[in-house]
Amino acid sequence: MRGRFALRGVALGYLTVLLVFPLAMVGFRTFEHGIDAAWQAATTPDAIHAFWLTLLMVAVAVPLNTIFGVGCALLIARREFRGKALFNAAVDIPFAVSPVVVGLALILVYGQTGWFGTDLADAGIKVIFNPLGMIIASIFISLPFVVRETVPVLREIGTEQEEAATTLGARPLQTFWRITLPAIRWGVAYGVVLTTARVLGEFGAVSVVSGKLVGKTYTLPLHVQAAFEDFNLAGAYSASFLLAGLALVAVLSMQLLKRREIA
Amino acid sequence: MSIVVENVSKSFGSFQALDDVSLEVPDGSLTALLGPSGSGKSTLLRIIAGLEEPDQGAVLISGEDATQLPSRRRGVGFVFQHYAAFKHMTVRDNVAFGLKVRRRQRAEIRARVDELLALVHLEGFADRYPSQLSGGQRQRMALARALAVEPRVLLLDEPFGALDANVRAELRAWLRRLHDEVHVTTIFVTHDQEEAMDVAEQVVVMNHARIEQSGSPSDVYERPASEFVMRFVGPVTELGDGLVRPHDIDIRLEPEDGGLEAMIERVVHLGFEVRVEVTLASDRRMWVQLTRARATELELEPGQIVWVRPDRTAPVSPSADGSDSAARPGVGVAGELGD
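Line by line, the protein sequences give chains A and B. Using my numbering, the first residue of the first sequence is number 1, and each one after it goes up by one. Using my numbering, the first residue of the second sequence is number 1, and each one after it goes up by one.
The shape of chain A in the complex, shown without the other chains:
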C-alpha cells in the first residue's frame, strides 16, 4: 500500500511542479488586478485580431489534416504497396524536423525568390508573410497526429468487421462510414484534439513565415511574445491564459464526450 501511495505522490508532485504551478501562475498573474483589468488586456484590437487569426488557422488546418490523416492511416493499415515503409516514415518528418526549419523551407519554396514564389506573385497569391503561409506551416507541423493516433486503432479492430460488411452488400464508402469510422472514432478524435492544440500553440514555423506584421499576421503565441518583449505583461498573461484555456477546453471536451459515450 505504501508503495502505491509513494508512486502516486511522485507522479502528482512531478505534474505539480512542471505543469500545474506554472499554469496556475499564469492564471494568477492574469487576474492579479481583477477581472476588468484582465478583460481590458485581452481585448485590445491586436489581441482580438490575433485571437481570430488563431481560430482561422485551426478551422482550416484541423479539418484538412483530419481528412488527410484518416486517408493516410487507411493506406498504412489496410493496403500493401511498394515504398510503404518510406511513406510511413515520411509522415513523421514534421515531428522530426525543427519547426523553424519548416518555416525556412516554406520561404525557400513559396517566398518571393523561391521556386513558385514569382509565379504565385504573378497570379496575385501571396503566401509568405501572409496568413496563407501560416496556415500551410500549421498544416505541415500538425500533420502526423491524426495518422499516428488512427493507425494503431485500425490495426486493433482488424478487418473482419469490414469484410462482414462487404459480404453483406456494403459498398466501400458505406463500409467506411457505417463500420470503419465509428470503430476508429476515438482514435481520430484524439488525433483531432492534439492537432488542434498544436495548431493553437505553434510558434516557430508560424513565426518564421509570418513576417510579424502587427494586426495582420500575429497569432496568439506571437502576440504573447510581442507583448512580453514590449513589457506589456498584462497583455502577455491574458493572451497566455486564453491560449491555455482553449487547449484545455479541447482536451476536456473530448474526455467528457467519451465518458458520455461509455456511460
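Incorrect hints may appear among the rest.
Said to hold, decoys possible - Output of the computed footprint for chain A on chain B, the stretches with three or more beta carbons under 8 Å from beta carbons of chain A:
# : segment
1 : 28–38
2 : 83–93
3 : 145–152
Keep in mind the hints are simulated off the structure, nothing from the lab. No residue lacks a Cβ here, since even glycine has one placed at the ideal position from N, Cα and C.
Given the structure of chain A, go ahead and fit chain B onto it with the hints provided.
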C-alpha cells in the same frame, strides 16, 4: 446454388495456401471443409466469398463465373470464427445492416429482423449490444445477420471454434436443423473431424494446400483415399503393414487364421469403450477398442497371450512408406452423396 471451384491456386508470399484445387458443391448441400490448420481450407472459403482473390483458377456460383465479381455482389453470407460483430450497433442494427445498405423499406426491415431473431432465438435481445451477449449468442446473431440478405450461399469459417464444448454441440445440432429448414447451400470450415461428420452431408478433407478426398462422411471414414485421410478422420492403429481402426479389430483367445499373436499390456476402461493395449510378436505396440460387453466376455488380463485380427469389412490403409502421395487424388468431386 451450386458452387464450382476450378483449378484454384493461391500463394501468400512464399507460402502456398492452395495448389490447383478443384471442387464441386451441389445445390442445397451442407459441406464441410475439414483439415489441419494451414491446410488451405479457410483460404478456399474466403476465395469462394470473394474476400481473397485467387492467383489462378475460377469460382462459379450457380453456373456463372464469379471470379471477378466483388464480394458484395456474390450473394454469399459469411460467418466468422470471432463473430465480426459490429460492436457499435445493437443486435437489431447488426442483423438489419445488409438490408439497410440495400435501402429496403423500414417496415420490411423491421419485420424481417424480427423473423430472423426468432429463428436464432434472440427475440429478447434486439436492443442489446454485442458486448452484452455470450459467445454463442453473438454467433447466432452473426448467423441471423448473414441470413438476412437471403444469400445464395452460406459460408462459415470455423463458426464454433471460439465456443466452449457444450455451446458448440448445441449450435452444431442447431445449424443442422437450420439447414433442413432454410436449404441454402452451406459450406463450413472446421478442423474437428467429429464436427464435420456430425453436421455435413459432404466432407472435403484438405491437407497441404490440396484436397485429399471428398465424399460422404461414411465414405471418407470407411474408404479413406490416403493414409492422411485415414489418420485424420478417425482413430488408427498399426497392424502388420497397414493402418486399421482400433474398433475394427477383434481379440480372440484361440489361434485363428489371419490372427496375429499378441500380449496384453494394459486394459483401460473408459466407460462405454474399453481400450486394450497389446504388444505384437514383432515387438510393435498397438491398441484395440472393444465394447464393454465384449471386454467383459473376454475377461482380459495383462500378460495374457491373445490373437488379434481385423474385421473382414474393415478399411485398411497401406502404412507409412510413401503410399500417401500415390493415393492422393488431385480433384475432389462429390456428385453423389452417400445415403
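Status of the hints after comparison with the structure:
no. : hint    : result
1   : 28–38   : violated (count 0)
2   : 83–93   : holds (count 5)
3   : 145–152 : holds (count 4)
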